[in-house]
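Colleague: Below, each chain spelled out in residue letters.
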Amino acid sequence: MLSERLFTEAFLRRLERLALIFRRAASSQMQGERRSNRRGHSVEFSDFRPYALGDDFRRIDWNAYARLERLFIKLFIAEEDTTLHLLVDSTRSMDWGEPNKLHYSIQTAGALGYIALVGLDRITVSTSQDRNGYTNTHFPPVRGKQSAVKLFSFLQSISPCLDPIETATWLGSYASKVANPGIVVLISDLMSDGWETGLNLLRGRGHDISVIHLLAPDEAEPVINGDYRLIDSEYRSEIEITADFQTLEKYKKHLQGWQETWRQFCRVRNISYLPVESSLPLEELLFAWLPRQGILK
Amino acid sequence: MNLFNLPGFLNLPAFWLLLLLPVLVLLYLLKLRREERLISSTYLWQKMVQDMEANTPWQKLRRNLLLLLQLLFLSILIFSIARPYLPTSGFNSQTAVLIIDTSASMGAIDVKPNRLEAAKQAAVQIIEMLPADARVSVITAGEKSRSVISLSADRRAVHMAIDQITLSSGDCNLGIALQIAKAIADRQPDVQIIVLSDGNAKLPERMTISGIVKFISIGKKNENQAIQLLNLQANPSNRSLSAFAQVANYSASPVKRRLSFFADGTLFNAFDLEIAANGEQAVLAEGIISTTQVIEARLMPDNSAADFLGLDDIAYAISQHIKPAKVVLISDGNLFLETALKLLPFLELEVLKPEQPVDAAAGLVIYDGVIPGSAELPTGNLLFIAPLSSTQLFTVTGTLQLPDPLAVEPDEPMLEHISLEEINILDAVDIVQPSWSKMLIIDQKSQAPLLLAGESAGRRIAILAFDLHHSDFPLKVGFPLLVSNLINWLTPGSQTPQNVAPGTALVFSKPLSTSEQANTLEITRPDGTTAKLDYQGGKVVFTDTSQLGVYTVKNSKGETNRFAVNLFSPQESQIEPQESIRIAGITPTTMTNLQQKGEKELWRIAAGLALFILVIEWLVYQRAVVAMLVLRLRLFPKKFGPNN
Chain U
1 MLSERLFTEA FLRRLERLAL IFRRAASSQM QGERRSNRRG HSVEFSDFRP
51 YALGDDFRRI DWNAYARLER LFIKLFIAEE DTTLHLLVDS TRSMDWGEPN
101 KLHYSIQTAG ALGYIALVGL DRITVSTSQD RNGYTNTHFP PVRGKQSAVK
151 LFSFLQSISP CLDPIETATW LGSYASKVAN PGIVVLISDL MSDGWETGLN
201 LLRGRGHDIS VIHLLAPDEA EPVINGDYRL IDSEYRSEIE ITADFQTLEK
251 YKKHLQGWQE TWRQFCRVRN ISYLPVESSL PLEELLFAWL PRQGILK
Chain W
298 MNLFNLPGFL NLPAFWLLLL LPVLVLLYLL KLRREERLIS STYLWQKMVQ
348 DMEANTPWQK LRRNLLLLLQ LLFLSILIFS IARPYLPTSG FNSQTAVLII
398 DTSASMGAID VKPNRLEAAK QAAVQIIEML PADARVSVIT AGEKSRSVIS
448 LSADRRAVHM AIDQITLSSG DCNLGIALQI AKAIADRQPD VQIIVLSDGN
498 AKLPERMTIS GIVKFISIGK KNENQAIQLL NLQANPSNRS LSAFAQVANY
548 SASPVKRRLS FFADGTLFNA FDLEIAANGE QAVLAEGIIS TTQVIEARLM
598 PDNSAADFLG LDDIAYAISQ HIKPAKVVLI SDGNLFLETA LKLLPFLELE
648 VLKPEQPVDA AAGLVIYDGV IPGSAELPTG NLLFIAPLSS TQLFTVTGTL
698 QLPDPLAVEP DEPMLEHISL EEINILDAVD IVQPSWSKML IIDQKSQAPL
748 LLAGESAGRR IAILAFDLHH SDFPLKVGFP LLVSNLINWL TPGSQTPQNV
798 APGTALVFSK PLSTSEQANT LEITRPDGTT AKLDYQGGKV VFTDTSQLGV
848 YTVKNSKGET NRFAVNLFSP QESQIEPQES IRIAGITPTT MTNLQQKGEK
898 ELWRIAAGLA LFILVIEWLV YQRAVVAMLV LRLRLFPKKF GPNN
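From first to last, the protein sequence lines are chains U and W. Position 149 of the first sequence, counted from 1, bears residue number 149 in my numbering, the numbering being contiguous throughout. Position 160 of the second sequence, counted from 1, bears residue number 457 in my numbering, the numbering being contiguous throughout.
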C-alpha cells in the first residue's frame, strides 16, 4: 500500500487520536461532524420555534403540542463538515535541504490530511502550480477515511515545479475558487515575493489560516566559508558573496528579522505562524508543536 | 652641509620588486574564480546584501581584504628588503667626545675658509644634533693633544671652547688624542668618539675603545707643494754657505713653481722648478756669504698651480757656527788626535804643553795622558784620555791588560756608525766608575769602563781609559767619528738643532760661569713675542715651538742664538683627505657627510611588521575557524518553534 511508504500503521493509529481545530464555526453544504452555527440535523438540541407553513412536520415536537396545543418545531445544532485546504509549496527551492523540505512538507500534509479524513472533514490539496496545468497539481476534495490512500498517492506524486511560479496568482486563484471558508494550512519556505498578497486574498475569504514556515537546516545556518557565487535553484539568479564570520552573522540576524516580520504579519491577520526546521522530527511537530500552536488537538 | 634628516634606502634597486605587485593582483584575478554553489534560494542573501551594501559602502573593499593584506605584506617586505634607514643624525649618544685635528694640514684652504674652520663648524653642527642633555668633550689633536673641554653639558661653554681652537703647525698625533678620549670613554656609558680630521695623522697600530668611533673626513683636494728640506752647509774652504732645499709636489699633476732664497731677508737667488706629479726636486744654492745668519726659502705664489697649504711653502735655516768653540788640548804630542780635531769645522784648537797655563775661557780642555797639575780644574768641559792617576772627579786603581772593548748600549748615539770590533788595545787604566758618569764602552772581560761620559757640577766630562798610542784604534775608520761625536757633545754651544719640528721641546743649558743673578733666558718667537724663562737646575725647557719661523734665544750671558722651526713633515704636506682611518682593534665608521652618518636601519621593524601582516592575513584566511571558536563561546537565541 502506498500509504505505508508515507507513514507506518502504528503512526497512522497514533494520528487518529488527533483532531483538527476549527477556530470558527464550520459552514458548508455537507453534513459532517463539525458543529455549525447553523441549525441542522443532529442529536444536540438547540432551540424551539413555532411551526411555519412548509416545515417538515416530522420535526414537530409532539410532546410540546400535547402540553401547549401549539405546534413547535424542534431545532438542533447543525453538524457540518469543514474542508481542510492543504497548500503545499512545491517550488524548486522547497526541493532542498537535508532532510528535504518538500518531502517533509508532503509528510506533514499527509499527516494533517489523514487526521482530517478521520475527523470526517473534507480535504483538498493544492500544490504551487506552473503554467502548464492545473490537474495534476490539485487534489479535489474528498471525504472519508477510505480516501486516505488516494490522498497519499497524490502527495507522493508531487514533483517540484519546473518553472518559477507566481505565488500571488496561485493563492489568489485558489481563493476565488473556494466557496466556503475552511481551514487552510500553507506549508512553504516563503522564499519569494507575493506570499503576503496571496495570504491576504485567502484571508479575505474568511479561512482559518495556518502557515508552517519550513526551512532547511543549512538555510537557517549556512555552512559555507570563502568566496562563492551562489546560484538560485529556482530563478537561476546569482549572487557573489564572501562568506566570513561577519557575513554569516549578518545572515542569521537577517533571517531572524525576516521571521519576526512574518510573525508580525500573521499576528495582525489572526493567522497562525509556525517556523519549522526540516530537521525537526515529524512526531514532535505533530504531537507537540502543532497542538501547542492550536492547529491540532 | 645639509643636515636635514631624510630617510633613505641602502638598497634602492630592491624597489624593482614592486613590479611583483601587479603580478600578485593578476594572480589574484586569475584565482578569483568564485566557487559556484547551488543553493535553494538566493532570496535571503539578496535581501541581506542589499541591506549590507546600503549600510557599508566599503563592503566591496572588504571582499578583497585578503588581496589588500597580501599587497600590504608584499609592499612591506619589499620595503624592508630595500633596507630603509633613518638618519638618526647618528649623534644620539649621551656622551660625545669630539677630536678635532689641529695639525698643519688642517690649515689647507681647499674648503673655505680652511679645514680647521670646516671641522669646527661640523663639530658645532654635531653638537646641535646631540640630545640636549648629552655631555660633550672636545680634544684637539695637534703635535700636542689637549682636552679643551671635558664632559660639559653647557653648550655655550662648548661652543666657546670650540671657537677658541686654533691651528697648530705641527704633526697630528691621533694616538694621544684617542688615548685621552679612551680615558673618558672608559668611564662613561654610551659614548661616541667623533674624529674630525683629514686623516693625515699618526695613528696607533692597535687600540681598544669602549664606544663608537666615527671619522669625519675634512677636506676635498690634494694639490700642495712643500719645501721638504732646507739645509745650510758651511763650506770651510772659502767660508761660504750652501743651502740645500728639497721641494715635493703632492699633486697628481706636474707643476711649475719658483723657489726663492732670501739671505737675511734679501732675495739672492731663485729657481724655476718643474716637479712631476708626486715627485720631488732638489735645489742647491751656493755661494751664500758666511756671515749670513738666516736663510729663508720660499715657494712663490703662482696662479698656475694650486697649492692649498701655505705653511709648508716657507722654510728657514740658521747659520749655526758663527762662533767657533774654543778647545784646548794639553798633550805631549798626539798626532792622531790633533789631526782628528783639525778636521772638525768651526773649532778653535789650541795645543798646550802640560806645564803651560790653561785659558779659563776655553770651552773644552782635553788632557791627553796628563792630569791637571793643580787641584783647581778649569771651568769648561773636560775630556781625559788615559789619566795616569786619580783626580777629584774619578779614581784610578790600576791597569787593564789587553782589554776587549764592547759597547754597553748598541744604539748609543755617541757610538753611532763606530765599529768596536777588531780594535786592539795594549793596556788601559782601570777606573772606578764615578756616580755622575755613564759607561759607554767597557772591557768585556773585567767589565771595567773604557769610555765614560757624564755631567758633574754643570759641566760635561768624558774619560777615555786607554792611550791612543797603545791601540790601533786611531787607524780605524771609527776614530774620527768618535772624536767628532765626543767633541760635539762636549762643546754644547753648537748643539742647537738646525731643524726643529713644531712642538719639539728644547733644552737650553745654563752657560757656565755666569752669575747667580743672571738666571733668565729670553726667547723671541717669530711673531715678536718674548718668553722669559728662569733656569731650573741649570736648564730651561722650552716647549712653545708651535710657531713656524725663526726663534731668537738670548741666554743669561747675553749671547744670542737662533733656531728655526720648520714644517718638514710629509705627513702634513700630504693634504689629500683620507676616506677612513685604520686602527686595529677599533673600526671607525667613516662619514663623508654629516647626515649620512647615523643611519638607523629599519628593516627589522619592517620585516616584523610584514610578519604581523602575514599572521593577520592567515587569520583572515582561516576566519571560519576563528568564527567557530567565537561561536562556541556564544549562545544564540532560539529562532524556531512555536511562539508562546
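Hints listed in this document are in silico derivations from the structure and should not be mistaken for laboratory results. Ideal Cβ placement from N, Cα and C applies to all residues, glycine included. Do not rely on the hints blindly, as some may be mistaken.
[Unchecked claim] Simulated restraints on C-beta separations:
#1 W:Val320 <-> U:Ser157: 54 to 62 Å
#2 W:Tyr325 <-> U:Asp163: 34 to 42 Å
#3 U:Val223 <-> W:Leu324: 27 to 35 Å
#4 W:Leu916 <-> U:Gly206: 23 to 31 Å
#5 U:Gln256 <-> W:Phe909: 32 to 40 Å
#6 U:Gln264 <-> W:Phe909: 42 to 50 Å
#7 W:Leu323 <-> U:Val223: 55 to 63 Å
#8 W:Leu916 <-> U:Phe265: 53 to 61 Å
#9 U:Ser157 <-> W:Leu916: 46 to 54 Å
#10 U:Thr261 <-> W:Phe312: 54 to 62 Å
#11 U:Gln256 <-> W:Leu916: 21 to 29 Å
#12 W:Phe909 <-> U:Pro291: 31 to 39 Å
#13 W:Tyr325 <-> U:Thr261: 46 to 54 Å
[What the hints assert, rightly or not] If you want a taste of the chain W side facing chain U, the calculated C-beta under 8 Å gives, among others:
#14 Leu323
#15 Leu327
#16 Arg331
#17 Glu333
#18 Ile336
#19 Ser338
#20 Trp342
#21 Gln343
#22 Val923
#23 Ala924
Colleague: Each hint needs a verdict: does it hold in this structure or not?
Modeller: To see whether the hints hold, each was checked on the structure:
no. : hint                              : result
1   : W:Val320 <-> U:Ser157: 54 to 62 Å : holds (58 Å)
2   : W:Tyr325 <-> U:Asp163: 34 to 42 Å : holds (39 Å)
3   : U:Val223 <-> W:Leu324: 27 to 35 Å : holds (28 Å)
4   : W:Leu916 <-> U:Gly206: 23 to 31 Å : violated (58 Å)
5   : U:Gln256 <-> W:Phe909: 32 to 40 Å : holds (36 Å)
6   : U:Gln264 <-> W:Phe909: 42 to 50 Å : holds (48 Å)
7   : W:Leu323 <-> U:Val223: 55 to 63 Å : violated (32 Å)
8   : W:Leu916 <-> U:Phe265: 53 to 61 Å : violated (41 Å)
9   : U:Ser157 <-> W:Leu916: 46 to 54 Å : holds (52 Å)
10  : U:Thr261 <-> W:Phe312: 54 to 62 Å : holds (56 Å)
11  : U:Gln256 <-> W:Leu916: 21 to 29 Å : holds (28 Å)
12  : W:Phe909 <-> U:Pro291: 31 to 39 Å : violated (59 Å)
13  : W:Tyr325 <-> U:Thr261: 46 to 54 Å : violated (39 Å)
14  : Leu323                            : violated (17 Å)
15  : Leu327                            : violated (14 Å)
16  : Arg331                            : holds (4 Å)
17  : Glu333                            : holds (5 Å)
18  : Ile336                            : holds (5 Å)
19  : Ser338                            : holds (4 Å)
20  : Trp342                            : holds (5 Å)
21  : Gln343                            : holds (6 Å)
22  : Val923                            : holds (7 Å)
23  : Ala924                            : holds (3 Å)
Hint compliance for this structure: hints 4, 7, 8, 12, 13, 14, 15 are not met, and every other hint is.
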